[in-house]
Amino acid sequence: MVDKIMGAKNVFELNPIYLKEETKQKVRKLFLHSDFPAVILKDFLTAEYYSQLQNKVSSLDFKRDTVVLHHAYAVSQIKITSKEWCELLSFITKKKIEEITFTAYCVGWKDYQILNDKYLEKPGRDIVIDLTDDWNVDWGGVVTFTNGRGTIYPISPAGNSLAIVDRKKGLQKYIQYVNHYAEEKKRLFLIASI
Amino acid sequence: MIKMSQNNWINAEYLLVENIKKFNSAFVNNKPFSYLEIPHFLKQEKIIQLLQALGEQEFSPHQSDLFQFSQTYDLLHSDDPVLKEFAAWLSSSEMLQFMHKITRLKLSGKIDLFGSIYQDTDYLLPHDDQVPGRKIAFMLYLNDLEEQDGGALALYVSKNKTPTKVMKRFIPKAGSLIFFEVSALSTHMVEEVLTDTQRITLSGWYYG
Numbered sequence: 008m009v010d011k012i013m014g015a016k017n018v019f020e021l022n023p024i025y026l027k028e029e030t031k032q033k034v035r036k037l038f039l040h041s042d043f044p045a046v047i048l049k050d051f052l053t054a055e056y057y058s059q060l061q062n063k064v065s066s067l068d069f070k071r072d073t074v075v076l077h078h079a080y081a082v083s084q085i086k087i088t089s090k091e092w093c094e095l096l097s098f099i100t101k102k103k104i105e106e107i108t109f110t111a112y113c114v115g116w117k118d119y120q121i122l123n124d125k126y127l128e129k130p131g132r133d134i135v136i137d138l139t140d141d142w143n144v145d146w147g148g149v150v151t152f153t154n155g156r157g158t159i160y161p162i163s164p165a166g167n168s169l170a171i172v173d174r175k176k177g178l179q180k181y182i183q184y185v186n187h188y189a190e191e192k193k194r195l196f197l198i199a200s201i
Numbered sequence: 082m083i084k085m086s087q088n089n090w091i092n093a094e095y096l097l098v099e100n101i102k103k104f105n106s107a108f109v110n111n112k113p114f115s116y117l118e119i120p121h122f123l124k125q126e127k128i129i130q131l132l133q134a135l136g137e138q139e140f141s142p143h144q145s146d147l148f149q150f151s152q153t154y155d156l157l158h159s160d161d162p163v164l165k166e167f168a169a170w171l172s173s174s175e176m177l178q179f180m181h182k183i184t185r186l187k188l189s190g191k192i193d194l195f196g197s198i199y200q201d202t203d204y205l206l207p208h209d210d211q212v213p214g215r216k217i218a219f220m221l222y223l224n225d226l227e228e229q230d231g232g233a234l235a236l237y238v239s240k241n242k243t244p245t246k247v248m249k250r251f252i253p254k255a256g257s258l259i260f261f262e263v264s265a266l267s268t269h270m271v272e273e274v275l276t277d278t279q280r281i282t283l284s285g286w287y288y289g
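Residue numbers (the working numbering), protein chains in the order written: chain A, 8 to 201; chain B, 82 to 289.
Hints in this document: simulated from the structure, not taken from any laboratory. There's no promise every hint is true.
[Stated by the list, open to error] Computed cross-link-like contacts, DSBU-like style, restricted to lysine-lysine with a CA-CA straight-line distance of at most 35 Å:
{"hint": "1", "chain 1": "A", "residue 1": "K117", "chain 2": "B", "residue 2": "K246"}
{"hint": "2", "chain 1": "B", "residue 1": "K127", "chain 2": "A", "residue 2": "K175"}
{"hint": "3", "chain 1": "A", "residue 1": "K125", "chain 2": "B", "residue 2": "K103"}
{"hint": "4", "chain 1": "A", "residue 1": "K31", "chain 2": "A", "residue 2": "K117"}
{"hint": "5", "chain 1": "B", "residue 1": "K254", "chain 2": "A", "residue 2": "K129"}
{"hint": "6", "chain 1": "B", "residue 1": "K249", "chain 2": "A", "residue 2": "K193"}
{"hint": "7", "chain 1": "B", "residue 1": "K249", "chain 2": "A", "residue 2": "K117"}
{"hint": "8", "chain 1": "A", "residue 1": "K27", "chain 2": "A", "residue 2": "K117"}
{"hint": "9", "chain 1": "A", "residue 1": "K192", "chain 2": "B", "residue 2": "K249"}
{"hint": "10", "chain 1": "A", "residue 1": "K176", "chain 2": "B", "residue 2": "K127"}
{"hint": "11", "chain 1": "A", "residue 1": "K125", "chain 2": "B", "residue 2": "K216"}
{"hint": "12", "chain 1": "B", "residue 1": "K240", "chain 2": "A", "residue 2": "K125"}
{"hint": "13", "chain 1": "B", "residue 1": "K112", "chain 2": "A", "residue 2": "K70"}
{"hint": "14", "chain 1": "A", "residue 1": "K125", "chain 2": "A", "residue 2": "K27"}
{"hint": "15", "chain 1": "A", "residue 1": "K117", "chain 2": "B", "residue 2": "K112"}
{"hint": "16", "chain 1": "B", "residue 1": "K127", "chain 2": "A", "residue 2": "K125"}
{"hint": "17", "chain 1": "A", "residue 1": "K193", "chain 2": "B", "residue 2": "K240"}
{"hint": "18", "chain 1": "A", "residue 1": "K176", "chain 2": "B", "residue 2": "K240"}
{"hint": "19", "chain 1": "B", "residue 1": "K127", "chain 2": "B", "residue 2": "K187"}
{"hint": "20", "chain 1": "B", "residue 1": "K254", "chain 2": "A", "residue 2": "K117"}
{"hint": "21", "chain 1": "B", "residue 1": "K182", "chain 2": "B", "residue 2": "K246"}
{"hint": "22", "chain 1": "A", "residue 1": "K117", "chain 2": "B", "residue 2": "K240"}
{"hint": "23", "chain 1": "B", "residue 1": "K240", "chain 2": "B", "residue 2": "K254"}
{"hint": "24", "chain 1": "A", "residue 1": "K129", "chain 2": "B", "residue 2": "K216"}
{"hint": "25", "chain 1": "A", "residue 1": "K125", "chain 2": "B", "residue 2": "K187"}
{"hint": "26", "chain 1": "B", "residue 1": "K242", "chain 2": "A", "residue 2": "K70"}
{"hint": "27", "chain 1": "A", "residue 1": "K176", "chain 2": "B", "residue 2": "K242"}
{"hint": "28", "chain 1": "A", "residue 1": "K192", "chain 2": "B", "residue 2": "K216"}
{"hint": "29", "chain 1": "A", "residue 1": "K192", "chain 2": "B", "residue 2": "K246"}
[Said to hold, decoys possible] Each pair of labels, with its calculated beta carbon distance range:
{"hint": "30", "chain 1": "B", "residue 1": "S189", "chain 2": "A", "residue 2": "S66", "range": "57 to 67 Å"}
{"hint": "31", "chain 1": "A", "residue 1": "N143", "chain 2": "B", "residue 2": "D161", "range": "33 to 43 Å"}
{"hint": "32", "chain 1": "A", "residue 1": "K101", "chain 2": "B", "residue 2": "L132", "range": "53 to 63 Å"}
{"hint": "33", "chain 1": "A", "residue 1": "K129", "chain 2": "B", "residue 2": "R250", "range": "47 to 57 Å"}
{"hint": "34", "chain 1": "A", "residue 1": "K129", "chain 2": "B", "residue 2": "E94", "range": "54 to 64 Å"}
{"hint": "35", "chain 1": "B", "residue 1": "A93", "chain 2": "A", "residue 2": "D72", "range": "49 to 59 Å"}
{"hint": "36", "chain 1": "A", "residue 1": "G115", "chain 2": "B", "residue 2": "R250", "range": "56 to 66 Å"}
{"hint": "37", "chain 1": "B", "residue 1": "E227", "chain 2": "A", "residue 2": "Y188", "range": "46 to 56 Å"}
{"hint": "38", "chain 1": "A", "residue 1": "P130", "chain 2": "B", "residue 2": "D155", "range": "30 to 40 Å"}
{"hint": "39", "chain 1": "B", "residue 1": "E139", "chain 2": "A", "residue 2": "P161", "range": "22 to 32 Å"}
{"hint": "40", "chain 1": "A", "residue 1": "G155", "chain 2": "B", "residue 2": "E137", "range": "28 to 38 Å"}
Backbone N, C-alpha and C define an ideal beta-carbon position, used for all residues, glycine too.
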C-alpha cells in the first residue's frame, strides 16, 4: 500500500527561495558540475508543510524488514505527486519527473544497511529527504554513499533537508549502524531513486 | 598426545588424544555450523604477556558499512618478541596438526593474525568471512566481558542457505579460544560494545 500526497491545499510547500529562478539555476549548476554530484537543499520545505509531511510519514504503516546480510529497519512507502516538487526536481536533474515514490525509512538502535553484491543498485539519481530534527550524528543512521574504494560521502542528518545524489556507476549507498546512544529514538527519512 | 615443541602457551591437557577426539566430535556436531569453544585455552601468564605486548602495538580505527573497531597491522610481521613467538607457535606444524585433527580440514600453514580492540559503540555486522583460501576463523579472547558490556560473538542459523536468526552467542572470557569453519553458512557478527569495557582479541584465519 502506497500512501499518496497530492499538492497541499492552502499551504506553500517549498521554501520560496528554491522557486526563484536564480536559485534554481545555481542549484542545477552545482548538482551537474560538482566533483561528487550532489546537492543538499537545507530548509527545503516551508515550516508548515514540513510539519504536515512529518506527521504524515510518522503515521505510515511501517513494517520491519530484515535481510541479515543486507539490512534491518522498518519501511513503508509514500508517493508524492506535487507539481511544485516535480517541476523543481525535473529542472535540477534535467529529467522529467511526474511523481515520486519514496521508500520511508524508520531506523533505530541496531538497524543498518550494508553493502552486498546481491543487492547492488543500478546507477540513478537518489533523492533523500530528512524528516528528523534532533538526530545526533554520533548515533549513526547516516545515509552514506561510497565508491567502494575507500571514499565515502555521508549525507549529514539535518531535518527538513533534501539531498539529490547522482549515483553514477560504482557508487552505492548504505545506512550506518545505529548505536545504543540512540536509545528509543527513531530517525525518519525518505529515499527515492529516479 | 600431540607433542608441541614450542608449546608453553596452552594447558597440556588439551593435547591429549581423548580430548582432541572430544573436540573433533563437538566441532563436527555443533550448531548452527561447525565451531568449537575451548575455555581457558591460553595459560593465565600468557594472557598477561600478550596483553602487555599488544599494549605496545599501534591500533588504527577502522570503519566501513560493516564494522567499526580498532586493529593492529598483521602481527605475523611484529618485532615484539612475545607476539613473534606467539605467531610462530600459532602457525607451527604442531598447532596445524592440532587444528587439523579437530576440524579435519586441510591447512596450508598460512595464517593471518591481528589484534583488535572494540570500544563503546564498536561492532562487526553479519558476514560470513568467505575469502578464497580461508578455512578456519579463530578468536582468542584476552579479557572478560559481561552480558551488559555487549561485544558477544553471535552465530546465525541459516535456512535455505540464508541466515535467519542468532542461534548461539559467546560472551568473551579471557583465554578462551573460539574457531569455526569458514563457509557459506558461517554468518556471524560481533554485537555492539555497550560500556567502557574494551573487548580485546587476537584473531585471524587459517588458510588451506
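Structure-based check of all given hints:
1. A:K117 x B:K246: Holds: A:K117 and B:K246 sit about 14 Å apart, inside 35 Å.
2. B:K127 x A:K175: violated, 51 Å
3. A:K125 x B:K103: violated, 39 Å
4. A:K31 x A:K117: Answer violated: A:K31 to A:K117 is near 39 Å, above 35 Å.
5. B:K254 x A:K129: Not OK: B:K254 and A:K129 at ~45 Å, beyond 35 Å, violated.
6. B:K249 x A:K193: Holds - the C-alpha atoms of A:K193 and B:K249 are around 28 Å apart, at most 35 Å.
7. B:K249 x A:K117: Since the Cα atoms of B:K249 and A:K117 sit roughly 18 Å apart, the hinted pair holds (cutoff 35 Å).
8. A:K27 x A:K117: violated, 42 Å
9. A:K192 x B:K249: Within the cut-off at roughly 28 Å; holds.
10. A:K176 x B:K127: Roughly 50 Å separates the two Cα atoms, so the pair is violated.
11. A:K125 x B:K216: Within the cut-off at roughly 23 Å; holds.
12. B:K240 x A:K125: Distance of about 17 Å is within 35 Å: holds.
13. B:K112 x A:K70: holds, 30 Å
14. A:K125 x A:K27: At roughly 42 Å apart (the allowed maximum being 35 Å), A:K27 and A:K125 break the hint.
15. A:K117 x B:K112: holds, 24 Å
16. B:K127 x A:K125: At roughly 43 Å apart (the allowed maximum being 35 Å), A:K125 and B:K127 break the hint.
17. A:K193 x B:K240: Status holds; Cα separation ~30 Å.
18. A:K176 x B:K240: holds, 33 Å
19. B:K127 x B:K187: holds, 28 Å
20. B:K254 x A:K117: holds, 24 Å
21. B:K182 x B:K246: Given pair B:K182, B:K246 holds - Cα atoms ~30 Å apart, limit 35 Å.
22. A:K117 x B:K240: Holds - the C-alpha atoms of B:K240 and A:K117 are around 22 Å apart, at most 35 Å.
23. B:K240 x B:K254: Satisfied, since the Cα-Cα distance of roughly 30 Å is no more than 35 Å.
24. A:K129 x B:K216: Since the Cα atoms of A:K129 and B:K216 sit roughly 33 Å apart, the hinted pair holds (cutoff 35 Å).
25. A:K125 x B:K187: OK: A:K125 and B:K187 at ~30 Å, within 35 Å.
26. B:K242 x A:K70: holds, 24 Å
27. A:K176 x B:K242: Holds, at roughly 30 Å.
28. A:K192 x B:K216: Distance of about 41 Å is beyond 35 Å: violated.
29. A:K192 x B:K246: holds, 24 Å
30. B:S189 x A:S66: 57 to 67 Å: holds, 58 Å
31. A:N143 x B:D161: 33 to 43 Å: holds, 39 Å
32. A:K101 x B:L132: 53 to 63 Å: For B:L132 against A:K101, whose Cβ atoms are near 59 Å apart, the range 53 to 63 Å holds.
33. A:K129 x B:R250: 47 to 57 Å: For A:K129 and B:R250 the Cβ distance comes to about 38 Å; the hint is violated.
34. A:K129 x B:E94: 54 to 64 Å: holds, 58 Å
35. B:A93 x A:D72: 49 to 59 Å: holds, 51 Å
36. A:G115 x B:R250: 56 to 66 Å: At 21 Å between Cβs, range violated.
37. B:E227 x A:Y188: 46 to 56 Å: violated, 20 Å
38. A:P130 x B:D155: 30 to 40 Å: At 36 Å between Cβs, range holds.
39. B:E139 x A:P161: 22 to 32 Å: The hint (22 to 32 Å, Cβ to Cβ) holds, given that B:E139 and A:P161 are roughly 26 Å apart.
40. A:G155 x B:E137: 28 to 38 Å: Since the Cβ atoms of A:G155 and B:E137 sit about 34 Å apart, the hinted range of 28 to 38 Å holds.
The earlier numbered hints that this structure contradicts are 2, 3, 4, 5, 8, 10, 14, 16, 28, 33, 36, 37.
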